[in-house]
Amino acid sequence: MSDPLLSVCQVFAGYTGRDVLRDISLDVHEGAFVSVIGPNGHGKSTLLKCISGLLRTGGGSIRFSGDDVTGLAAPAMAARGLVHVPQGDMLFADMTVQENLMMGAYLTSDRAVIRRRLDEVHAILPRLADRRQQLARTLSGGERRMVAIGRGLMAGGRLTMFDEPSLGLAPVIIDQIYDVMTRLRESGRTIVLVEENAMRAARQSDRMYLLDNGAMAWQGNGEEFLARPEVIRSYLGG
Amino acid sequence: MEVIVQVIASGLTLGAMYAVAAVGLALVYGALGMLNIAHGAILTFGGYAAFYVITSLGLPMVAGVAAAVVVGALLGLAIYVVLVHGMLSAPAFETNIFIATFGIGMALENVVLKLFGAYPAAQPLAFDGAVAVFDVFIPVRNIVILVAGILLMVATAWLLTRTQTGNAIRATAQNRAAAELMGVRVRWIYAQVLAISGALAGVSGIMVSSLTNLSPTMGGDPMLKAFIVCVVAGLGNVYGAMIAAIALGLVESTAQYLLGVRFGLATLLVLVILTLIWRPHGLFGRTQVQRL
Chain A
1 MSDPLLSVCQ
11 VFAGYTGRDV
21 LRDISLDVHE
31 GAFVSVIGPN
41 GHGKSTLLKC
51 ISGLLRTGGG
61 SIRFSGDDVT
71 GLAAPAMAAR
81 GLVHVPQGDM
91 LFADMTVQEN
101 LMMGAYLTSD
111 RAVIRRRLDE
121 VHAILPRLAD
131 RRQQLARTLS
141 GGERRMVAIG
151 RGLMAGGRLT
161 MFDEPSLGLA
171 PVIIDQIYDV
181 MTRLRESGRT
191 IVLVEENAMR
201 AARQSDRMYL
211 LDNGAMAWQG
221 NGEEFLARPE
231 VIRSYLGG
Chain B
239 MEVIVQVIAS
249 GLTLGAMYAV
259 AAVGLALVYG
269 ALGMLNIAHG
279 AILTFGGYAA
289 FYVITSLGLP
299 MVAGVAAAVV
309 VGALLGLAIY
319 VVLVHGMLSA
329 PAFETNIFIA
339 TFGIGMALEN
349 VVLKLFGAYP
359 AAQPLAFDGA
369 VAVFDVFIPV
379 RNIVILVAGI
389 LLMVATAWLL
399 TRTQTGNAIR
409 ATAQNRAAAE
419 LMGVRVRWIY
429 AQVLAISGAL
439 AGVSGIMVSS
449 LTNLSPTMGG
459 DPMLKAFIVC
469 VVAGLGNVYG
479 AMIAAIALGL
489 VESTAQYLLG
499 VRFGLATLLV
509 LVILTLIWRP
519 HGLFGRTQVQ
529 RL
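Quick mapping for you: the protein sequence lines, in order, are chains A and B.
To convert, note that position 131 of the first sequence is 131 in the working numbering; the numbers rise steadily by one, no gaps.
Position in the second sequence counted from 1, then plus 238, gives you the working numbering.
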């Protein structure tokens with residue numbers, strides 16, 4: 001098998017001296033759909049922040065596309081094609097939907113490429129085309145999530161990480177968001193998905209990592225996970 | 239009728255002047271959460287830069303404007319390099335930078351005092367003559383200030399909404415971490431914001447001194463007014479600052495006419511208090527003041 005696109009190796013990290021992540025390793029191959037599951041507050045978002053450079057690691061190394069990128073800041077990671085769609089959307093609230101999407105393509109200067117990506121995003125998330133001129137702060141929760149996802153796609157990254165895209169949404173909207181995830185997977189994109197709902201994630205994933213209390217507790221593929229319901233019970237209390 | 243025209247003309251001139259000073263202040267507060275107390279001193283430097291280039295070097299007025307812009311922008315950049323860059327990641331940035339820029343402002347003011355002396359000088363970059371509007375003679379310099387103010391506001395709005403840099407500035411102000419994820423090098427944006435704000439302050443220094451005089455302490459009054467404008471508008475709100483500046487200029491000139499010149503500032507301050515009781519976050523402020 002070829003070298004992974006993203007390789008996290010024995011990473012430690014935390015906030016003000018307290019480790020949240022301990023000895024985390026994870027590989028993502030080109031074109032794979034990888035999910036990181038686990039209960040709330042066990043380090044899933046922290047892991048994504050370490051990878052995207054929002055948070056400095058306290059040990060270990062991260063390699064992306066063959067280069068050592070440990071310690072690079074977020075803008076440098078974005079420039080290398082790593083996209084992080086953060087939890088809670090983090091939209092630019094006083095900008096329009098269109099402006100938010102255009103910020104996603106901030107590092108792209110080729111107008112033709114930007115237009116093609118915008119058409120793609122509008123095809124996947126048609127609601128955004130109707131809401132072009134609306135301020136992000138006036139959108140509903142589901143629409144905001146779609147803007148966050150669309151903004152991430154506008155970067156045209158080599159790897160896109162979604163942090164709990166279904167969080168806090170109505171079930172019918174969650175289904176829509178997962179339809180989008182399926183489409184992205186089918187289009188061959190490399191995706192890392194952080195999700196609390198393990199069953200949903202399992203149906204999509206080529207590979208799953210279970211994060212428990214800051215450490216990797218289990219890994220395997222989606223079918224293995226579905227075949228071992230005791231994993232769900234012991235770690236997720238389901 | 240003549241009185242009304244007079245009051246409106248004078249109010250618009252004051253408003254345009256305040257707007258140019260206030261927008262720079264608002265821009266920096268909005269993007270960095272930083273109250274730049276040295277803004278007034280940069281303004282003074284701008285006024286003196288134009289004075290020096292025109293009077294001492296004998297260059298044309300355009301060169302005077304350019305000098306004010308360049309000196310203002312460089313001072314803004316210097317404040318970023320010397321103060322902001324190192325303090326940004328430390329805790330209590332807002333408080334520390336407030337005190338630090340207070341100190342820098344005092345130091346800059348004394349540099350002007352040392353270089354040019356304490357005596358007021360006339361701003362050579364000013365226009366004489368008057369134009370009659372409804373039988374009222376309005377000084378040409380007032381009209382120039384108004385037109386220049388409007389042009390600078392339009393240019394600032396254009397920069398913020400129509401350019402890649404402007405989009406990055408607004409994005410950074412609204413959500414710093416998200417802007418970083420988009421690939422925006424936030425610190426470079428901060429440096430640019432301070433330079434733009436400094437350039438605006440430099441031009442504003444010419445405007446202020448062309449109405450009154452050049453003196454080392456001339457930045458104090460417009461700085462205070464600009465701060466009042468920003469508080470009334472809601473700290474960090476650039477468009478709100480533009481509107482509030484014009485409104486406050488009109489209020490001040492009306493108060494000066496009806497109550498007497500010495501009550502101009504007092505009226506403004508009472509108005510600020512009332513505004514803040516009514517809307518604690520300013521006229522255009524959001525319920526929660528946003529820090530990046």
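Keep in mind the hints are simulated off the structure, nothing from the lab.
There may be inaccurate statements among the hints.
[To be verified] Distance windows between CB atoms, simulated:
no., chain 1, residue 1, chain 2, residue 2, range
1, B, 477, A, 111, 41 to 51 Å
2, B, 372, A, 130, 46 to 56 Å
3, A, 127, B, 504, 50 to 60 Å
These numbers come from a predicted model, not from an experiment.
No residue lacks a Cβ here, since even glycine has one placed at the ideal position from N, Cα and C.
Cross-check of the supplied hints:
1. B/477 / A/111: 41 to 51 Å: For residue 477 of chain B and residue 111 of chain A the Cβ distance comes to about 28 Å; the hint is violated.
2. B/372 / A/130: 46 to 56 Å: Once the Cβ atoms are compared, 50 Å apart, the range 46 to 56 Å for residue 130 of chain A and residue 372 of chain B holds.
3. A/127 / B/504: 50 to 60 Å: For residue 504 of chain B against residue 127 of chain A, whose Cβ atoms are near 53 Å apart, the range 50 to 60 Å holds.
Taken one by one, the earlier hints fail for this structure only at number 1.
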